[in-house]
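Could you build the full structure based on these sequences and the hints that come with them?
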Amino acid sequence: MKSKIKQYLFLGCLLVVLLLIPQFITDALLLQYMINILIFAYFTSMWNIIGGYAGQMALGNGVFIGIGAYVSAVLFTYENVNPWIGMFAGGAVCALFALLIGSLTFRLSGSYFALGTVAMLHIIRLIFTSNKVILGYKTKGALSFALPWRGGGLLNMQFNSNVGYFYLLLGLLVVGLLVSWYIKNSKMGYYLQALSTNPAAANSVGVNVMGMKLKANMISAFMMGLGGTFYAQFMNTLDPNRVLGYDMSVQVLLFSIIGGAGTLTGPVLAAVLLVPFQDIIRGWVGSSIQGLAPMLYGIVLMLVVYFMPKGLWPTIVKLYKNHTFKKQQKPKEGQVKTP
Amino acid sequence: MGIMAIQSIIDGLLIGGVYATIAVGLSLAFGVMRIVNWAQGELLMISMYISYFVFNWLGIDPYLIMFFTAIVMFFVGFFLQKTVISNMLARETAVEPITVLLFTAGLGIVLSNGVLAFIGPKYLSAVTPYTAKSMKVLGMYISIPKAISFVIALACTLGLNFFLKKSEVGRAIRATSQNRHVASLMGVNMKQIYNIAFGIAIAMVGLSGALLLPYSTLNPDIGTVYSFKCFVIVILGGMGSTMGALLGGLLVGVIERLGTLFFSDSVAQTAVFVVFMLVLLFRPYGLLGKKISM
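One line per chain: the protein sequences are D and C, in this order.
Each residue of the first sequence is one higher than the one before, starting from 1 at the first, in the working numbering.
Each residue of the second sequence is one higher than the one before, starting from 340 at the first, in the working numbering.
Bear in mind the hints are in silico, worked out from the structure with no lab data behind them.
Treat the hints with caution; some may be incorrect.
[To be verified] Here are the simulated SDA-like cross-link-like pairs (lysine to any residue), alpha carbons at most 25 Å apart as the crow flies:
id, chain 1, residue 1, chain 2, residue 2
1, D, LYS132, D, ALA92
2, D, LYS184, D, THR265
3, D, LYS132, C, ALA610
4, D, LYS318, C, GLN517
5, D, LYS140, C, PHE602
6, D, LYS184, D, LEU214
7, C, LYS421, D, LEU170
8, C, LYS475, C, LEU428
9, C, LYS461, D, ARG282
10, D, LYS140, C, ASP560
11, C, LYS461, D, SER130
12, C, LYS461, C, PHE602
13, D, LYS310, C, LEU428
14, C, LYS461, C, TYR402
15, C, LYS530, D, MET308
16, C, LYS504, C, ALA494
Next comes the structure, spelled out in structure tokens:
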């Protein structure tokens, strides 16, 4: 009980510190780096619902960011729909796609689902980049899609400075983490954990494996779609090869796997550690050398998968536990302490 | 119209034969070790670059470079399996380890971005003596490099099939893919078989890299394009089936060419993925695949 209060206190302090950041850091660029961290921490945590909790390698699910972004951006531009409403439309479309791909591939083994999501990513990207008009709306094909500036601060998710975006995306991340935490500790979370460890055993004790996987995939897709809207409003322009691209998808997955798939903290930790990495490299060697940052990401991924397959966070927790356990055992001789 | 369609079908078959050779390695690795090699396309890209540089520096005929890249890539595959993947397989309990998929995905990212960073995003193409040559058969133009590559690719795929069916090592590989425990009880050195199988799988990729060189451009992103084509082919044909990969490769080649003829290149690409979805829906274990127990 005491440790729980400590935890809440710690989280409270962390939140206060985060809320105060824009008061001390006024450099727009630095703030943008932090916003990048917040966005990716959100996306990777949401991917973690299907990729971590449910243990399904949704390699192409980053496409939902793009779908969510495009749906709300198009509605915002041509139909004047407020992004706070548009984001639910985007999320719903994503959930539908997730249902479709899941019901096609979940009957088969894991790699089929991975392939199915990637096929979906490519179909959607090709459709977007090769058609200038989709469903009657001008989406500009392979060119980037610019959102109109309407201002209005929180109402239109369009702020004059990065401070506004910082608070907006911090809010989003907090909501995302609450959802993630709720799922992890709910009945569904335990079902997911069971089916990701041993689907046959989970099935035999009455877990609806197919239904649970579909549900997790849809929730994850919906949340990623929501985030897409925020991403679109923050970026102001959408590059289809980026938001619907394979690299984005891989990046989102990467942070989750490196940080520790299936943990609440891991993905956020990895985003905090690795997102600035890319910005630093870009500032350091310039954009003249493309591919250097993704290459290093790839190396980190290979090393983590090989040396700590569970990811960074579980490894840290294990080391910490071992450490405190030894400490507890040492001091008094002849006295047996149960951990 | 009719002659154009036939022309496209022939073109599709010629290129599909090479697709099959790339995909057959993927199929073999899945069939034997149940691993999905996500870096297949990127390894192809690397072997294309190797053949390109060998061709440019030494001016050797690309169809001779084929032997060189095949041998180099065999050892790449062999040692990748021996030093890294085997350890990952050993500690995994799942039949179809997802960590290997992730590891090879990481390898793919490293390879494509490494080439992007150190060689550059420029499109390269090798000008070989055959590059633009074609011959006229029954009123249709057939590109000579595509025809030669097709014949070699077909011979290699059929050769691999024969090797798996008839040779001692091939029989051991098939036995291991059917039941690894029983095979090892029968005296098959499972680890060594895995090394050889993965080596062969990657050697086929190396060979295809050289075969593609005379008529296709290369850039760092080309790997992803081929990766997904391979997956579609393997799933279309049935994971683990050599002849299935051949059939799938030819089909995908033809679908692509016909799609490009009647619609556009992007429609053709989309069509390939739609076919993939349809196969998942109606015949999830592929045209020639058998349902494998998980």
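Verification of the hints:
1. Taking the CA atoms of LYS132(D) and ALA92(D), the gap is near 23 Å; set against the 25 Å cutoff, the hint holds.
2. At most 25 Å may separate the alpha-carbon atoms for a hinted pair to count; LYS184(D) and THR265(D) meet this at roughly 12 Å.
3. This hinted pair checks out: LYS132(D) and ALA610(C) have alpha carbons roughly 19 Å apart, not beyond 25 Å.
4. Between LYS318(D) and GLN517(C) the CA atoms are separated by roughly 38 Å; this puts the pair beyond 25 Å, and the hint is violated.
5. The straight-line distance between the Cα atoms of LYS140(D) and PHE602(C) is roughly 20 Å, inside the 25 Å bound, and the hint therefore holds.
6. Among the hinted pairs, LYS184(D) with LEU214(D) is consistent with the structure: their alpha-carbon atoms are about 16 Å apart, no more than 25 Å.
7. A distance of roughly 46 Å separates the Cα atoms of LYS421(C) and LEU170(D); the hinted pair therefore is violated under the 25 Å criterion.
8. The suggested pairing of LYS475(C) with LEU428(C) is violated, with an alpha-carbon distance near 52 Å, which exceeds 25 Å.
9. Taking the CA atoms of LYS461(C) and ARG282(D), the gap is about 20 Å. The hint holds against a cut of 25 Å.
10. A hinted pair counts as satisfied when its Cα atoms are at most 25 Å apart, and LYS140(D) with ASP560(C) qualifies at roughly 23 Å.
11. For the suggested pair LYS461(C) and SER130(D), the alpha carbons sit about 22 Å apart, so the restraint of at most 25 Å is met.
12. Between LYS461(C) and PHE602(C) the alpha-carbon distance is near 28 Å, which puts this suggested pair outside the 25 Å criterion.
13. Using a Cα cut-off of 25 Å, the hinted pair LYS310(D) and LEU428(C) holds, with the two alpha carbons roughly 15 Å apart.
14. Of the pairs offered as hints, the one joining LYS461(C) and TYR402(C) holds, with about 24 Å between alpha carbons and a cut-off of 25 Å not exceeded.
15. Note on LYS530(C) and MET308(D): the hinted pairing holds, with a Cα-Cα distance of about 23 Å set against a maximum of 25 Å.
16. A distance of roughly 15 Å separates the Cα atoms of LYS504(C) and ALA494(C); the hinted pair therefore holds under the 25 Å criterion.
The structure is inconsistent with the numbered hints 4, 7, 8 and 12, although it conforms to all the rest.
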